[in-house]
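Asks: Listed here are the chains, written in short residue letters.
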Amino acid sequence: MSASIEKGINAFKRQVDSSVAAFFSSCVHCGLCSEACLFYTETGDPKRTPINKTEPLRRIWKSEFTLMGRLGKMVGLTKKVDDALLEEWQELVYDSCTLCGRCSMVCPVGNDIALMIRKTREGMAAAGQAPEGLIGATNRSVTIGSPMGVRWPALRAQIKHVEEDTGLKIPVDVEDVEYMLLLSSMEIMNFPEFIEAVAKIFAKAGVTWTISSEAFEATNSGIQIGVSDIAAELVQRIVDVADKLRVKTVISPECGHAYMAIRWDGPNLVGKPFNFKVRHILEVLDELRKDGRLKLSGKESQKLTYHDPCQISRRGGVIDEPRKLIDMFAEDFVEMPDGGKMNWCCGAGGGVSANERADEIRLKVFDRKKAQLEEIRPDGIISACSNCRIHLEDGLEEHNMDIPLLSLTETIAEHLAED
Amino acid sequence: MTEIELLSWARGPGLQIATIIFVAGVVIRVLEILLLGRKANLAEAKGGEMSSGLKTMITRTVPDRTTFKRSSVTIVSGYAFHIGLFVVCFLSAPHILFLKDIIGFGWPSAPTAVIDAFAVITIIAMLVTLVNRLTNRVMRYLTNFEDLLTWFVTFLPVITGYIAFHRIGMTAPTLLAVHILSVELLLVVFPFTKLMHAFTLFIARWYNGAISGYRGVAS
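From first to last, the protein sequence lines stand for chains A and B. Quick note, the first sequence lines up with residues 1 to 419 if you use our numbering. Quick note, the second sequence lines up with residues 1001 to 1219 if you use our numbering.
Hints are computed from structural coordinates only; laboratory data are not their basis. Incorrect hints may appear among the rest.
Okay, the calculated bits of chain A under chain B, using three or more residues with CB under 8 Å as the criterion [unchecked claim]:
| id | region |
| --- | --- |
| 1 | 60 to 74 |
| 2 | 272 to 281 |
No more than 25 Å apart at the CA atoms, straight line, and that leaves these computed lysine-lysine pairs for DSS-like [what the hints assert, rightly or not]:
| id | chain 1 | residue 1 | chain 2 | residue 2 |
| --- | --- | --- | --- | --- |
| 3 | B | K1194 | A | K62 |
| 4 | A | K341 | A | K303 |
| 5 | A | K248 | A | K277 |
| 6 | B | K1194 | A | K47 |
| 7 | A | K80 | B | K1194 |
Only a predicted model underlies this, so the values are computations on that prediction, with no experimental measurement involved. In this text, a Cβ means the ideal position worked out from N, Cα and C, and glycines have one as well.
With the rest of the complex left out, here is chain A:
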């Protein structure tokens, strides 16, 4: 047994808790999860059935944590977890799963399969069986502070542009403010309009806020690849800065996995509750709306729909807020079929977009989103995740579908009342 497979097996063992044991004990191989997964529905490949992706973890659970499994192991009857198995499973665990969690919502026995796959990644990564693209992104996150290699000077330059364009001062490293805004590298490089939008909205609402020059990256490759130590280190950087600046709330930007990482996984990764709150930008905007601090003017007459980013809606709990915000400016809003907590994933989350090997399947499974869109034929798609946005644009272009993608925060900024 190589050192890495040993590490992998130990990592798998650490992932087994009472929830995992209850889930594996309950699976009856009904196959319903396959029909909830766009990687199955769009490829028809039974290997991609969600529960099948957890096979390495299942084998460890069975042989180490059940009476029959332990007896079986003594007489050599259990199925082994080795490099060959993990190599074969890489494509299923990383390329064919965005951790969207739709399977977890339909499993009749209640298995949180997305959580099980997330846990399977921990063993895979420890055994050295993760895709090159994700390893690279994770290494850049650790050494540079961003999966895309974005350093502070790049953000500083973008901030300068925004300041010139808006005439507003973007607060940097300011202490004792209400909010600290995190950003995803994707936003910094491709959608700096997001920073501009937040600056305009906050200026109107009279919100005190800051960006940190030390910890501005919101995404967490450690979670996507499944290395909790690294994920914890990336979270800790944000915690240290938020504590130093004594901010009340850290804002997760328009990025699904960033929200999951800092809001729901963060405190569990670093092992203690935060001294500050974490809110998604949509939650913050909705709070401002409720307090009467967000006033909009003008309506969009075109038919708009909302693409729920999985980690924000289904896995994150921010479902009503975007709809209330959209209601402020949209005259003709239409839900996608299965919209809300059962929305279909764009196909690029959970590290899939950082994994070049998955490029082909990522575009293939976009067919599900295409089918959803063809049912309602919107004039524009609003979303709140820059990763979804980039991928949806890719997919639409591939199919010559001319539907503009809109950021919810940016659209709100465009409609700010002049008073």
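Fit chain B to the known structure of chain A by using the hints.
Replies: This is chain B only, laid out in the frame that chain A set:
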């Protein structure tokens, strides 16, 4: 061994042994799950774990619209045989009498014609699930020996019960003995296979609901 001796063994020592294995096995399996424990969630909660977990234990019984459309054969046959099994097991007069002897109390039974109809429904539904398992490409891919074994040991009491009730073929004591022995086989296999889902699915659903509910999502 005469057929009366066989029946006596099946109703006496056989049943005792099977029941002990069943009860001890189920207790061990449930304990080996629960004793693993789970770390407390340190993130600020957006909703309750307990209430959401309890809710999902019930609500997950109903499939969502899209899933139903996409997997109607699996869902309808699954429902039919689970409901059928419940009715035939617990609402037929001979079963209630048999259980009353052991646990000391009984409850009203369903009319014989109803039980007979449900038995036929159960048999047909179980055959559909088997065909579905062997022909549906996802199920065929997932299916292993245990899936077939558990189908077999569940089907056996249903079919032997139906045959015993209608006294087809052998004499009554032998038919009854075979039926009881098939139930004992089911009891012995139960704790060590996926049949355990009958108990553990409530734990699994609770965790699913609790995890989602903590984040403010109804699952």
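Asks: Against this structure, judge whether each hint is valid.
Replies: Evaluated hints:
Coverage of the region 60 to 74 of chain A by chain B holds [criterion: at least 3 residues with CB-CB distance below 8 Å; count 4]. Coverage of the region 272 to 281 of chain A by chain B holds. Counting CB-CB distances below 8 Å, 5 residues qualify, and the rule asks for three or more. For the hint linking B:K1194 to A:K62, the alpha-carbon distance of about 12 Å falls within 25 Å, and the restraint holds. Taken as a hint, the A:K341 and A:K303 pair is honoured in the structure, with Cα atoms around 21 Å apart against an allowance of 25 Å.
Between the alpha carbons of A:K248 and A:K277 the distance comes to roughly 6 Å, so the proposed pair stays at or under 25 Å and holds. Proposed proximity of B:K1194 and A:K47 is supported: the alpha carbons are some 21 Å apart, at most 25 Å. For a cut-off of 25 Å, the pair hint linking A:K80 to B:K1194 stands: about 20 Å separates their Cα positions.
The structure shown violates none of the earlier numbered hints.
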